[in-house]
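**Q** Quick note, the sequences are listed as chains A and B, same order.
In this text, residue positions in the first sequence follow our numbering: the first is 1, and each later residue adds one.
In this text, residue positions in the second sequence follow our numbering: the first is 1, and each later residue adds one.
Among the hints, a few may not be true.
Here are the simulated lysine to any residue pairs, SDA-like style, with alpha carbons at most 25 Å apart [to be verified]:
no., chain 1, residue 1, chain 2, residue 2
1, A, K91, B, A71
2, B, K133, A, L120
3, A, K268, B, K133
4, B, K109, A, R271
5, A, K89, B, K109
6, B, K29, B, Y13
7, B, K158, A, T184
8, A, K172, B, R207
9, A, K91, B, Q87
10, A, K172, B, Q87
11, B, K133, A, M175
12, B, K109, B, G59
13, B, K133, A, F239
14, A, K46, A, F239
15, A, K89, B, K133
16, A, K91, B, K158
17, A, K172, B, T70
18, A, K268, B, Y13
19, A, K89, B, P67
20, B, K240, B, K133
21, B, K133, A, K91
22, A, K89, B, E172
23, A, K89, A, R271
24, B, K133, A, V194
Don't read these hints as lab results, they were simulated from the structure.
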Amino acid sequence: MSINPLSALPASVASAARTAKNERFDRWWIMVAAVVALVLLLITLKPDPYKNLFLFVRDGVWRTTYITIISFVLVIVFGLFVGLARLSKHKVIRGIATVYVEIIRGIPMMVQIIYWAFALPAIIQEMGSAWNIPSFMEYRPDGIVMAIFGLTFGYSAYMSEVYRAGIQSISKGQMEAARSLGMTYVQAMRYIIVPQAVRVILPPMGNELITLLKDTALVSAVAIPELTRRGREFSSANFNPIETWTMVALLYLVMTLLATRLVAYLEKMARYER
Amino acid sequence: MEPIIKIQGVHKYFGTLEALKGVNLEVQKGEVVVIIGPSGSGKSTMLRCINRLEEFDEGSIIVDGIPLDTAENINAVRTEVGMVFQQFNLFPHLSVLENILLAQQIVRKRDRAEAEKVGMALLNKVGIPEKAKYFPGQLSGGQQQRVAIARALAMNPKIMLFDEPTSALDPEMIQEVLDVMVTLAREGMTMVVVSHEMGFARACAHRAILMDAGQIIEEASPDVLFSHPTHERTKAFLSKVLH
Numbered sequence: 001m002s003i004n005p006l007s008a009l010p011a012s013v014a015s016a017a018r019t020a021k022n023e024r025f026d027r028w029w030i031m032v033a034a035v036v037a038l039v040l041l042l043i044t045l046k047p048d049p050y051k052n053l054f055l056f057v058r059d060g061v062w063r064t065t066y067i068t069i070i071s072f073v074l075v076i077v078f079g080l081f082v083g084l085a086r087l088s089k090h091k092v093i094r095g096i097a098t099v100y101v102e103i104i105r106g107i108p109m110m111v112q113i114i115y116w117a118f119a120l121p122a123i124i125q126e127m128g129s130a131w132n133i134p135s136f137m138e139y140r141p142d143g144i145v146m147a148i149f150g151l152t153f154g155y156s157a158y159m160s161e162v163y164r165a166g167i168q169s170i171s172k173g174q175m176e177a178a179r180s181l182g183m184t185y186v187q188a189m190r191y192i193i194v195p196q197a198v199r200v201i202l203p204p205m206g207n208e209l210i211t212l213l214k215d216t217a218l219v220s221a222v223a224i225p226e227l228t229r230r231g232r233e234f235s236s237a238n239f240n241p242i243e244t245w246t247m248v249a250l251l252y253l254v255m256t257l258l259a260t261r262l263v264a265y266l267e268k269m270a271r272y273e274r
Numbered sequence: 001m002e003p004i005i006k007i008q009g010v011h012k013y014f015g016t017l018e019a020l021k022g023v024n025l026e027v028q029k030g031e032v033v034v035i036i037g038p039s040g041s042g043k044s045t046m047l048r049c050i051n052r053l054e055e056f057d058e059g060s061i062i063v064d065g066i067p068l069d070t071a072e073n074i075n076a077v078r079t080e081v082g083m084v085f086q087q088f089n090l091f092p093h094l095s096v097l098e099n100i101l102l103a104q105q106i107v108r109k110r111d112r113a114e115a116e117k118v119g120m121a122l123l124n125k126v127g128i129p130e131k132a133k134y135f136p137g138q139l140s141g142g143q144q145q146r147v148a149i150a151r152a153l154a155m156n157p158k159i160m161l162f163d164e165p166t167s168a169l170d171p172e173m174i175q176e177v178l179d180v181m182v183t184l185a186r187e188g189m190t191m192v193v194v195s196h197e198m199g200f201a202r203a204c205a206h207r208a209i210l211m212d213a214g215q216i217i218e219e220a221s222p223d224v225l226f227s228h229p230t231h232e233r234t235k236a237f238l239s240k241v242l243h
């Protein structure tokens, strides 16, 4: 069910609200523009090494971007199910979800990523040899897929806590009102609780997105040629750590600042009168 | 005639606290029953048991011939029983009209045009059709409670439960909500109302009930109960409330 919160307001109120929001919005875009301008300035004024560097790491930026987007979409979905499971009335479901969250939170993200990339395929290959299953013996998963799995599995645990807190912040009366109208538990969650919780959790969800974006640098450890990995390759080939890591840092900054703007925009769209 | 609500020997525990100590109550179709009593007496708990928002530990409740036992039966009862809460509990992310349409569409499976017709008719009935496109947060408490009543009525309930519907309202807004309730009572709606609004009780209720410590202490017509109570606890309670 889509709603436009602004359409319900009298025209004058709505336009005043829109102006006020736009003013805040604009100022922060200046920061994004400034960082982009700095990158462009470096490329134009000092093409050697900045332009070469930029062209070299460009595919890394792309890889970082899509690993982030795919992982985050999966985290949003999977994290919701884990969050709901953590709130389940059934002890077994709640128990499984809790154990999963505790395990994930207790292991460094880097170790998790390495485990998915190197340990898990090895385990499957061993199983293949033990039980003589040829397809298992030759199991060689795609590195990026395993990296995305690792990030998704790890971040879903954190995201489930964000969902749980958001759902718990909605007053009990909302669920009662929905159930008293004959809605099932699933309908009440779908139409009443989750839509409200989403508005509460957008800011912490935005934090998760930005942290995830930055943590994609960890998958450079399993030889995925994303931005950090490409930076390291360039720097060790050309012996210019200052320029390389300045550029890499600026490129990450552009991405995180854009992500922040995106989240702020979503928050604005989701706002409603209380 | 078979009563539309039949509560038999209902016990309810909150941990070790016995909130309901074997409550028996029958409500006839078209009857308006007002329940009064000190806070913590179990009156809200009993009301919430009728549509199973509160689980009970012993006894049985049969609503319109349906026993409150299986999940299907509980949901069937809930579609026939409307409830109005002290805190309104409107859905803040939906407009006033959407609040009234949602359950009609997803529970009663009405199409949108039909649901809108019902919704606007009810907003007219509670006197605020002009607020249809507003959000609950933009309305006064009295207006919100009237929307909450309209939302419950949109399901065409056979019974309406009111859980202290005016207790969270500023004094000047109480009357507008009571007016809607009086209209409903006059139309023959079966109503169970937890409220200390004596004026409403005298004007509309067929029966008034005093609860204390998880039990029904006394029941009579409102005039008799309020003016000539027989039970000591009723007298004690009324002396604190009336003046």
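**Q** Each hint: holds or not?
**A** Here's how the hints hold up against the structure:
The suggested pairing of A/K91 with B/A71 holds, with an alpha-carbon distance near 19 Å, which does not exceed 25 Å. In summary, the hint linking B/K133 to A/L120 is not supported, as the alpha carbons are separated by about 55 Å, beyond the 25 Å threshold. Between the alpha carbons of A/K268 and B/K133 the distance comes to roughly 20 Å, so the proposed pair stays at or under 25 Å and holds. Of the pairs offered as hints, the one joining B/K109 and A/R271 is violated, with about 29 Å between alpha carbons and a cut-off of 25 Å exceeded.
The suggested pairing of A/K89 with B/K109 is violated, with an alpha-carbon distance near 28 Å, which exceeds 25 Å. Annotation: proposed proximity of B/K29 to B/Y13 is violated, straight-line Cα distance about 29 Å (limit 25 Å). Note on B/K158 and A/T184: the hinted pairing holds, with a Cα-Cα distance of about 20 Å set against a maximum of 25 Å. Using a Cα cut-off of 25 Å, the hinted pair A/K172 and B/R207 is violated, with the two alpha carbons roughly 31 Å apart.
About 31 Å separates the Cα atoms of A/K91 and B/Q87, which puts this hinted pair outside 25 Å; it is violated. Using a Cα cut-off of 25 Å, the hinted pair A/K172 and B/Q87 holds, with the two alpha carbons roughly 11 Å apart. The straight-line distance between the Cα atoms of B/K133 and A/M175 is roughly 23 Å, inside the 25 Å bound, and the hint therefore holds. A C-alpha spacing of about 33 Å is found between B/K109 and B/G59, which places the hinted pair above 25 Å, so the restraint is violated.
With a C-alpha separation of about 64 Å, the suggested pairing of B/K133 with A/F239 is violated against the 25 Å cut-off. At roughly 16 Å between alpha-carbon atoms, A/K46 and A/F239 fall within 25 Å of each other, so this suggested pair holds. A C-alpha spacing of about 37 Å is found between A/K89 and B/K133, which places the hinted pair above 25 Å, so the restraint is violated. Only pairs whose Cα atoms come within 25 Å are accepted, and A/K91 paired with B/K158 is rejected, the gap being roughly 37 Å.
The suggested pairing of A/K172 with B/T70 holds, with an alpha-carbon distance near 23 Å, which does not exceed 25 Å. This hinted pair does not check out: A/K268 and B/Y13 have alpha carbons roughly 45 Å apart, beyond 25 Å. Note on A/K89 and B/P67: the hinted pairing holds, with a Cα-Cα distance of about 23 Å set against a maximum of 25 Å. The hinted pair formed by B/K240 and B/K133 fails the criterion: a straight-line CA distance of about 43 Å is larger than 25 Å.
Our distance criterion of 25 Å between C-alpha atoms is broken by B/K133 and A/K91, whose separation comes to about 42 Å. Under the criterion of a C-alpha separation no larger than 25 Å, the hint pairing A/K89 with B/E172 is inconsistent with the structure, at around 42 Å. Between A/K89 and A/R271 the alpha-carbon distance is near 31 Å, which puts this suggested pair outside the 25 Å criterion. As the CA atoms of B/K133 and A/V194 are separated by approximately 22 Å, the hinted pair is consistent with the 25 Å bound.
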